[in-house]
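Asks: Letter by letter, the chains look like this.
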Amino acid sequence: MSETENMIVLEAVEKVYPGSTSPAVERLDMAIPRGEIVMLIGPSGCGKTTTLKMMNRLIEPTGGRIILDGDDVTDVNGDQLRRKIGYVIQQGGLFPHYSIADNIGVVPKMLGWDKNRIKERADELLHLVGLEPSTYRDRYPRQLSGGQQQRVGVARALAADPPVMLMDEPFGAIDPITRDRLQDEFLEIQRTVGKTICFVTHDLQEAVKLGDRIAVFGTGGRLAQYDDPDTVLTHPADDFVSDFVGGGAAVRRLSLLELSRLELHPIETDAAAVGNRNGTPVAEVDGSGRPVSWRHLPDRDAATTTLVTVPLSGTVYDAVDVMLDGSASLVAVVDDEGLPQGVLHWNDLVAGLKTRERGA
Amino acid sequence: MTAVDLQPGVPTPSEERKESGGGFLGVIRANYDLLVAPAIVVVGLIVMVAYVGSQTLDTIEERALEPANVFGQLGQHLLLTAYSTVLVLIIAVPLGIVLSRPGARRIQGGVLALGGFAQALPPFGVLLLLGFWEFGVRSAVIGLTLAALLPVLRNTVVGLQQVDQSLIEAARGMGMSARQTLFSVEIPLAVPVIVAGLRVALVLNVGTATLATYIGAGGLGELVQQALRLNRINLLFVSGAIIAAVALLVDWLAGVAERAIVARSG
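Line order of the protein sequences matches chains A and B. Each residue of the first sequence is one higher than the one before, counting from 1 in UniProt numbering. Each residue of the second sequence is one higher than the one before, counting from 1 in UniProt numbering.
Hint data in this document are derived by calculation from the structure and do not stem from the laboratory. Glycine included, each C-beta is placed from N, C-alpha and C at the ideal position. Some clues are possibly wrong.
Stated by the list, open to error - Some chain A residues close to chain B (C-beta under 10 Å, calculated; not the full set): (1) 84; (2) 89; (3) 92; (4) 97; (5) 112; (6) 157; (7) 159; (8) 161; (9) 240; (10) 256; (11) 257; (12) 260; (13) 266.
Assemble the whole structure, with the sequences as input and the hints as a guide.
Replies: Shown next as structure tokens:
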């Protein structure tokens, strides 16, 4: 990969805190490619947050170079630098005495945008993160739920359209259900904005779900492994990573397999197909074509098998979840309109999943 | 993407605005408990006037209780209070801000201890000592200022310290300079605590200003002194009631102002 394809490059970056003999981060070399999400993960005190804060020089490195978009930023004015880098922290870090719109406008205001432009930008971003501008722009942070505050936190970081965003456990203090939804929305937003994102987390599930790459930090600020999630799960670089990833790696991998990339078994909805007995499951559909129950299954009694569905946009993990939940050995995969697209069998999971290359 | 977890229970800004009220009258309208103190003061003053009206006053008493005399002293009293409180504000708030900066944290304890020492000195003694230096308003104001410095200084330091560190980090992380962070985040969020300290200082000053008369700075203490010197019980009763009423009213005004400011700074 050539130099310009990397948005952030850390060269032998090191941090030794005053009064400490061992470094918090030890001679770290790392390159973050443009437009990718890199997850920094590791046990407490492993230097992942220190690393993140050195990227925008909230913490000054004691050695090495930081290169942002081809420019050495190790010695430039830190305040100026940080205005060009989005920054999101836990709970959003919203200013309680600023309205939501004013919170979003902090960086644009410092950059000298005119009032109308700041206002328009705030509305645009509120819309992007799924909050109705007319309802929320004049509210204060305490009037919003934790999840909504975090959305505003993301909107605020995006305000001046920085190419890079640094996120420090943004979803850490949010309940699991909301967190899951925020993660989905976050990926959705990233698909639109395509930022280079560095994201600190302590949650492996989150790292696997969101990351294009995962950087696993060991104690003493050592980068133990830096790879795509699949490789980290299946080929841990050393015993430390292996211990950290722990058991259940095979199950975690399921959430990396998108249903839309799998070769699914065909499904029929036409009652006439029952007669063919060619091994294709036949589903009974409602008025709008959505499957409601099984009419015929080749190898078992259709009447006693519950029909469960999973959206095509989901992963194999979701499919397994609904199958276990409904005690069904197969699941109908449906598209956004609820129309059946295919079938996934329980047996497929153990037999090995066949994937197809799409759009490649 | 859809807007989820909307919270119907959360008040809209317009509701909240109405509640916290526009300015002084709005605050009073929204907080009826604020009417208790002035009601007590009014009743007390009526009782006092009724009592004095029922007594036959001698010429000394009549002269002392002439409105021009009483209001003149009241004016002096309020002026002493105002000067010293403004001086406290000018000295203690900036000093507190400086002491809360990372570079000055080491001397913070020492300066606060010095402030505590100044407050522990009996104001009467300080005023008399200052009287040796100069008789009059100037030394009285200095004495009052010294006595009331600590609450504001301490509240400024504490108010700035209790600002959520993550907000300061968010501000710096977005590229605010240390100065911008201080003025747009730290100070606004410390205002409620600082204002509470100022209110304590103000009330202290109203009370202590009664002693200013002993170094010739006037004020309502003049009336008390006269009553004691001439042994006029009626006069003593009236002056005591007026001083109590003024202290209660000043505290009340400060309380209303405090709520108005806190409501605005969110």
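Asks: Could you run down the list of hints and mark each one as holding or not?
Replies: Here's how the hints hold up against the structure:
1. 84: holds, 8 Å
2. 89: OK, holds: residue 89 of chain A within 10 Å of chain B, min 6 Å.
3. 92: Check passed: Cβ of residue 92 of chain A comes within 8 Å of chain B, closer than 10 Å.
4. 97: holds, 4 Å
5. 112: violated, 13 Å
6. 157: holds, 8 Å
7. 159: holds, 9 Å
8. 161: violated, 14 Å
9. 240: It is violated, given that the least Cβ distance between residue 240 of chain A and chain B is near 29 Å, above 10 Å.
10. 256: With a minimum Cβ separation of about 22 Å from chain B (threshold 10 Å), the hint on residue 256 of chain A is violated.
11. 257: With Cβ-Cβ at 24 Å, over 10 Å, it is violated.
12. 260: violated, 19 Å
13. 266: Residue 266 of chain A check fails; min Cβ-Cβ to chain B is 32 Å, beyond 10 Å.
Consistency with the previously given hints fails for numbers 5, 8, 9, 10, 11, 12, 13, ordered from lowest to highest.
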